[in-house]
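Listed in order, the protein sequences are those of chains A and B. Those letters in the first sequence? Residues 2 to 320, by our numbering. Those letters in the second sequence? Residues 232 to 548, by our numbering.
Source of the hints: derived by calculation from the structure; they are not laboratory data. Incorrect hints may appear among the rest.
Some, not all, of what chain B presents toward chain A, calculated at C-beta under 7 Å [stated by the list, open to error]:
| no. | residue |
| --- | --- |
| 1 | 479 |
| 2 | 524 |
| 3 | 527 |
Don't be surprised by glycine CBs; every beta carbon is placed ideally from N, CA and C.
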Amino acid sequence: MKEYILKRLLLFIPTLIGTALAIFILLRVLPGDVAEIILSGPAGQGSFAHEDVLRLREDLGLDKPIYVQFGQWVWDMVRGDLGESYVTRRSISAQIKNQIPVTLQLAALSALTVAAVGIPIGILAAVRRDSLLDVILRGWAILGLATPSFFAGLLVILGLSTIFRWMPPVGFSHMWVDPVVSIQQLVFPALALGFASNGLLLRMMRTQLLEVLGDDYVRTARSKGLSNTIVIWRHAVRNALLPVVTTFGFQVGALLSGTVVIEAVFSVPGVGGGLVAALLSRDLPMIQIYIIYFAVLALVVNLLVDLTYAWLDPRIRYE
Amino acid sequence: MSSSGGPNTRKGDGVTGIVKQDSQVELSLPQTRKGNWRQWLRSIARFMRYKPLGGAGLFLMVLFFLVAIAAPLIASHDPTATYARDRLLPPSGEHWLGTDFLGRDLFSRIVLGSRISIYIGLASMLGAAVVGAVLGVTSAYIGGKYDLTIQRFVDALTAFPSLLLALALVAAFGASINNVMVALVIVFSPRVTRVVRSTSLSIKQMPYVEAATAIGATDIRIMFRHVMPNTFAPLIIIASGLIGSAILIEASLSFLGIGTPGALSWGGLLSGQAMRFFTTSPWIVLFPGFSLTLLVFAVNVFGDALRDVLDPRLRGR
């Protein structure tokens, strides 16, 4: 196990460097000169002289060869300097520092609701196979997979405001400063965000459990006279959970990137809003950092999924 | 298609699940002989009977497709004409689905907006299927360093959530409908490659591939006439699943305002100004939102049914 973890961790470093390089190069194939885009302003009508462009390019370090730019960028990041925005000229770390906890809380809450709802409901659907309940739950799952998260979010807001005449408080309060308001603010975006993942997890849990319930050892357990509850929870669910954990891990990755969309619906001041604003103003250093941030999160999630899997399944551990 | 009777007549190779393992539900792949459109109709009718939900999905998909093609004829108003006096009108005889915050007819906007969703869904699915099939088959057949290189790219690209990758690619290419399409092809083709490669690896071991080698068929011929047609069942399964994802991602990008600027897209109809007025005039988001959900629902249930039919091992998943 130790060897496995070590190998997986070592593999993490080249992947990270490769990702950074890929993002860096990808964003540099952008058509148009960044300096000119900045000078022409958000509406694209500003007038400027050629010398201004040259001066700004030198200022931003865009006149240096691309490998020097990349080296400088990586070195700065290693030292903890994320650079500054092209547009606001403010430090990126100051900006992103306030956004990260918001998004992480939102994604965590969403993942929690997805697991807490999807897994038990999936088990229920499998145990009551082909009952009316099963059909309704499967329909719910299909609906979740077909509904875009932003539309689900808008429907939630619409429902709250027309039926309950209530809107979630605007802004953001930290979980540890004001937990009640924080939950009020984040629970609805979290639910809307998790709608699709919920359906996926439900289906996965259901099929896996149905498959396992047909296995020999389940029949053995039953013929030993064990109660239905013990057969299902102790024998079947534990074995069925393995692929569900993997699915859940990948869904956490999807939830994290899905925050970009759902934050726009509920005006949650998280990373997503920052990324969209950076994309619209073509603020290259900011886009880079945001995408690196999401990429690192995705890689960490994948790593955790692999490790959990190895921990749950001894067959992988000893390979 | 292979002239020796089509790939689905090769019984019992037990690899791809194309073979008729279930005689009731069978979907024949097209054959070149004349008069087989009747067989096509018959297999579609059979599909409808045994998979009513999937059949309904297929019916809805065709309906959406026809609407998208005939959109300018169906639209009752100019979708871009603004009338300040008719802002935010509820649904009525004149404006079937009401008007938006600039007085534009919502029905016409939704009808024309279907084109982008359908185009993105189909085009990126086809692109990813073709790229993925070619890379997958060649990767499995040629092997060696080529295979390793391709697989590294596949691993790297599939490590990231598709929405994020699409977002980054569109940011790099610049926002336009075709760039979104290209970005989605890059996002999805690694998944197709992975599936086709693993199927091709086992097909490569089949006696008929050995036989083809023995009679002196070229590598290209073996890859594209013997191996590739036998990967079609898993290919169709995974490709049909991509349509819905592609439509949802495009809608999300357009909703954020970074997908298809200026174009009439369902995701875009829900964004920006619409967000300011939808609590008082809910129809401006309800109708485009439900259209989107209905289309993705249709595509998904059709895909699920198709998977059940093509791969009996997965039945009920």
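Inset, instruction - Using Cβ atoms only, decide whether residue 527/B comes closer than 7 Å to chain A, and label the hint accordingly. - result: Holds, because the Cβ-Cβ distance from residue 527/B to chain A comes to roughly 4 Å (cut-off 7 Å).
Inset, instruction - Using 7 Å as the Cβ threshold, decide whether residue 479/B counts as touching chain A. - result: 5 Å, holds
Legend entry - Hint status (Cβ of residue 524/B to nearest Cβ of chain A, threshold 7 Å): At 5 Å from the nearest chain A Cβ, residue 524/B passes the 7 Å test, so the hint holds.
Figure legend: structure checked against the earlier numbered hints; every hint is met.
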